[in-house]
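Residue numbers (the UniProt record's numbering): 1 to 230.
In short, the hints are calculated from the structure, not lab data. Predicted model only: the values in this text are computed from it and were never measured. Note that CB positions come from ideal geometry on N, CA and C, so glycine has one too. Treat the hints with caution; some may be incorrect.
No farther apart than 20 angstroms at their CA atoms in a straight line, the calculated lysine to aspartate or glutamate pairs in the EDC-like style are these [claimed, not checked]:
1) 128 <-> 117
2) 168 <-> 180
3) 159 <-> 170
4) 103 <-> 85
5) 145 <-> 135
6) 113 <-> 102
7) 168 <-> 185
8) 168 <-> 156
9) 159 <-> 147
10) 215 <-> 199
11) 145 <-> 163
12) 216 <-> 205
Using C-beta positions, here's what the derived DEER-type ranges look like [as the list claims (entries may be wrong)]:
13) 81 <-> 107: 35 to 45 angstroms
14) 148 <-> 110: 33 to 43 angstroms
15) 92 <-> 116: 32 to 42 angstroms
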Amino acid sequence: MATTSARTCGSLQGPCGVMPSCRPSSAVSVNCRPGQAFPRRSSICLTAPVPSSYRNRGYMPATCLPPPSMGSTCILNCNEKETMEFLNSRLGNYLERVRCLEKENAELECKIKDWYDCENAYVCTDFKPFYCTIDDLQQQICCVKADNARLCLDIDNLKMASDDYCTKYDYELSLRQRDDADISDLRRVLDDLTLCRADLEAQLESLTEEMMCLKKNHEEVWPKHSRPGH
């Protein structure tokens, strides 16, 4: 049986000297002529263990992948021992890489957890007094809002009272103006009555004097008429 010294994917050769491909979508078919001296193997696929992640992603060994054009009629015939060693080597490298990644992932998770713990402790330690101050300020704001609402209500009440007083003032002013007009009329009437009184007093004095004169004349005339012989 023909063997190769290298264990890389590109160094594996079939019995016909054809290089198989390790890519899952580019399996190379091997067409051997019946006249060659190499013994032909039966069309049996190698039973090497393949990781489940490779199977899920479609990565299968080239010896187990028939060409798309020929189906299952032609299978690569490679050295089974070297193929197994190659697959085991790749599997070992893959598992080692997985373990390294898991270790790095665990370290990163621990670092992230520690960072979050430190961050939470820092926040709780530093911002708790600010929260208390914020609560006090919110209570003060609520009290100020209540006082502001009360003052606004008082201002509205005072405006209504001021409007009422303005209305009353206008009414009282109109009454005063009317009373002033009446007083002016009464003063004119009083002046007229004063003049009339003065005229009447003058007439009374003149009539009194006239009455005194008439009385005096009557006293003078009355004794003469009362003598005998007249």
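Here is what the structure says about each hint:
1. A distance of roughly 16 angstroms separates the Cα atoms of residue 128 and residue 117; the hinted pair therefore holds under the 20 angstroms criterion.
2. With a C-alpha separation of about 18 angstroms, the suggested pairing of residue 168 with residue 180 holds against the 20 angstroms cut-off.
3. Taking the CA atoms of residue 159 and residue 170, the gap is near 16 angstroms; set against the 20 angstroms cutoff, the hint holds.
4. Our distance criterion of 20 angstroms between C-alpha atoms is broken by residue 103 and residue 85, whose separation comes to about 27 angstroms.
5. The hinted pair formed by residue 145 and residue 135 meets the criterion: a straight-line CA distance of about 15 angstroms does not exceed 20 angstroms.
6. Our distance criterion of 20 angstroms between C-alpha atoms is met by residue 113 and residue 102, whose separation comes to about 16 angstroms.
7. Restraint check for residue 168 and residue 185: not satisfied, since their Cα atoms lie roughly 26 angstroms apart, outside the 20 angstroms limit.
8. The straight-line distance between the Cα atoms of residue 168 and residue 156 is roughly 18 angstroms, inside the 20 angstroms bound, and the hint therefore holds.
9. The straight-line distance between the Cα atoms of residue 159 and residue 147 is roughly 18 angstroms, inside the 20 angstroms bound, and the hint therefore holds.
10. Of the supplied pair hints, the one linking residue 215 and residue 199 is violated, its CA atoms being roughly 24 angstroms apart against a limit of 20 angstroms.
11. The suggested pairing of residue 145 with residue 163 is violated, with an alpha-carbon distance near 27 angstroms, which exceeds 20 angstroms.
12. Restraint check: the Cα-Cα separation between residue 216 and residue 205 comes to about 16 angstroms, which is no more than 20 angstroms; the hinted pair holds.
13. For residue 81 and residue 107, the hinted distance range of 35 to 45 angstroms is satisfied, since their beta carbons lie about 39 angstroms from each other.
14. At roughly 54 angstroms, the beta-carbon separation of residue 148 and residue 110 lies outside the given 33 to 43 angstroms, and the hint is violated.
15. Between residue 92 and residue 116 the Cβ separation comes to about 36 angstroms, which falls inside the hinted range of 32 to 42 angstroms.
Of the numbered hints listed earlier, those contradicted by the structure are 4, 7, 10, 11, 14.
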